[in-house]
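Asks: Spelled out, the chains give:
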Amino acid sequence: MSIEVKNINKRFGNFVALENVNVSIPTGQLTALLGPSGGGKTTLLRIIAGLDTADEGSVEIEGVDATKLPVQKRNVGFVFQHYAAFKHMSVAKNVAFGLEIRKQPKEEIRRRVDELLELVHLSQFANRLPAQLSGGQRQRMALARALAVEPTVLLLDEPFGALDAKVRKELREWLRRLHDEVHVTTVFVTHDQEEALEVSDEIVVINEGRVEQVGSPDALYDEPANDFVMSFLGPTTVLDGKLYRPHDIEVFTHPGIEGSLPARIVRELRVGFEVRLTVELLDAAHEEIVVTVTRAHQRSMGLREGIDVWLSPTHAAAAVPVGGLN
Amino acid sequence: MASRRQVRKGPFTYLLRLAVVTYLVLLVAWPVVLVVTHTFEGGTATLTGIFSDPDLVAALELSAYAAVIATAINTLFGVVVSLLLVRYEFPGKRIMSALIDLPLSVSPIVVGLALVLVYAGRDGWFGPTLEGWGFQIIFATPGIILATAFVSLPLVIREVVPVLQEIGTEQEQAASSLGASGWQTFWRITLPSIKWAVVYGVVLTLARSLGEFGAVKIVSGNFSGETRTTTLAVEEKYLNFDQQGAYALSFLLASVSVLSIIIVFGLRARGARVNETRSHSGAPVAELAPSEGRTS
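Going down the list, the protein sequences come from chains A and B. The opening position of the first sequence corresponds to residue 1 in the UniProt record's numbering, with each subsequent residue numbered one higher. The opening position of the second sequence corresponds to residue 1 in the UniProt record's numbering, with each subsequent residue numbered one higher.
Only chain A is shown next, with the shape it has when bound in the complex (with noise of 0.2 Å):
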């Protein structure tokens, strides 16, 4: 393993940010540390940098203990939110900074820049200051940065949380090529998802202090271990004290399926290709659900406001029980 965090705890004055964390972080991975805002991904990114200390417990790096390091002693790549760049100086400049400070030779460091430039695909603007590039070339310029001292880990807080909405997809798909070009053990934070589940090998879910569950996009989308992360991984409706995907439960027009349960659709919204039902149990307590099938699906079975239908999920389908642990 080429992180092992072991039993963190950080408060901030009355605020418990971290509470007994233990995560392993394998090597040569991207990792995703996933959670909503305030749940301490960022707190424990930050530990494992150096740039906060923990309260108690301990960071171990490639198998050396990095708890009393301080930031420039753990060899970590460190790529902010909003960039860090260096105002002042020219994009290749920023670049060569972590190797001017390890006083590598001019040579040296000329031909490592173009070489990160160029794999950042900005060698064109090494001369510019970070006030003329964009958002997403800034934070690549960042990455470059991060890279030029062949850092133990690179740990990227929320990378692209600051860039809208399609280069945020555009540069998420950039760094996963990235990474398998460079196999830099790599963790990043994010409140995003999609973005993890998309570009992550091993995901840590993280609320309110705990980690809420650790595995690959798949085991969290197909087992989720609690409500909360079923509910975080994506939408979810309630069916029979249970949480399902909406996708996972099935409509019939006709009734004879064993288990299913009648209901009456009352709206639906179409959203692209994918239409959003609101069904209503025809039971005493007349519970909502939402049920999403495609378009085509919707078509093909004549599925409108008002009529009667019978649900039953999926087989296989991923559940939880409501409000309780597994």
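Simulated from the structure, these hints should not be mistaken for lab results. Among the clues, some could well be false.
[Claimed, not checked] Output of the computed footprint for chain B on chain A, the stretches with three or more beta carbons under 8 Å from beta carbons of chain B:
no.: 1; stretch: 77–84
no.: 2; stretch: 87–101
[To be verified] Lysine-lysine pairs mimicking PhoX-like chemistry, simulated, CA-CA at most 20 Å apart:
no.: 3; chain 1: A; residue 1: Lys93; chain 2: A; residue 2: Lys103
no.: 4; chain 1: A; residue 1: Lys87; chain 2: B; residue 2: Lys195
no.: 5; chain 1: A; residue 1: Lys73; chain 2: A; residue 2: Lys103
no.: 6; chain 1: B; residue 1: Lys217; chain 2: B; residue 2: Lys195
no.: 7; chain 1: A; residue 1: Lys93; chain 2: B; residue 2: Lys195
no.: 8; chain 1: A; residue 1: Lys106; chain 2: A; residue 2: Lys93
All residues carry an ideal CB built from backbone N, CA and C; glycine is no exception.
Based on the hints, put chain B in the right spot on chain A.
Replies: Same frame as chain A, but now just chain B:
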């Protein structure tokens, strides 16, 4: 490029402008111009006369010397205190911040008297001890420097603190994560970021130091040719009905201040021009930059 917003100019706008211009002319421009015209009323003779009087030359030198040393001290001290105030939390921080403004609000003459109480050679609180070691503070150059430094203390700090707050700590943290020590981070990241604030602070401090009168009058002893500064010499000449000489000296003092402001203005404009040419090398940024999509 942001185009300036066009504002409709009604009669009120012109009235307001007139009021402001009148105010500035009556309060600043006219009096200063009068000093200049009075200086050159009898040609340049009065001005050259200053430089042939060894006592006056000594006064000019003393003023320059005291101002430069006081400015150096306050610049160094000012940057350190600003960092302390912005970057660190410690008990008594608010009190310290308030204390720093004290020199601006207390009359310089009170400052002078206070310094005498502490450093006077015979009966000061600390003076006799220093005197025993061979240091004379009051009625000597160190006292003048001390008084000058006291009154101009907040100027660098008040320029630097807001800039430090604005730039935040992320750049410094990034530098640390790249291996830079605290000292390297300060020289390579923090100082370049606050450069202009420091320059402004230095110019203001220098101008304020050259013009200091009240505190220096008390602590210097005002011995002609030894501890009489230029401002004290102006007063002396004025009281002795040598108005011409007083105006000429005032003119010298004022021109140094005006000159330093012009220099800063020039440096600033040059800095802005360098940035401008960099951003316009080749095509405008927006055209040259590839879309984010093409980078993949």
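Asks: Next, verify each hint and record whether it holds.
Replies: Quick rundown of the hints versus the structure:
no. : hint                : verdict
1   : 77–84               : holds (count 5)
2   : 87–101              : holds (count 5)
3   : A/Lys93 - A/Lys103  : 14 Å, holds
4   : A/Lys87 - B/Lys195  : 13 Å, holds
5   : A/Lys73 - A/Lys103  : 15 Å, holds
6   : B/Lys217 - B/Lys195 : 34 Å, violated
7   : A/Lys93 - B/Lys195  : 18 Å, holds
8   : A/Lys106 - A/Lys93  : 12 Å, holds
Hint check: a violation occurs at hint 6 only; the rest are consistent with the structure.
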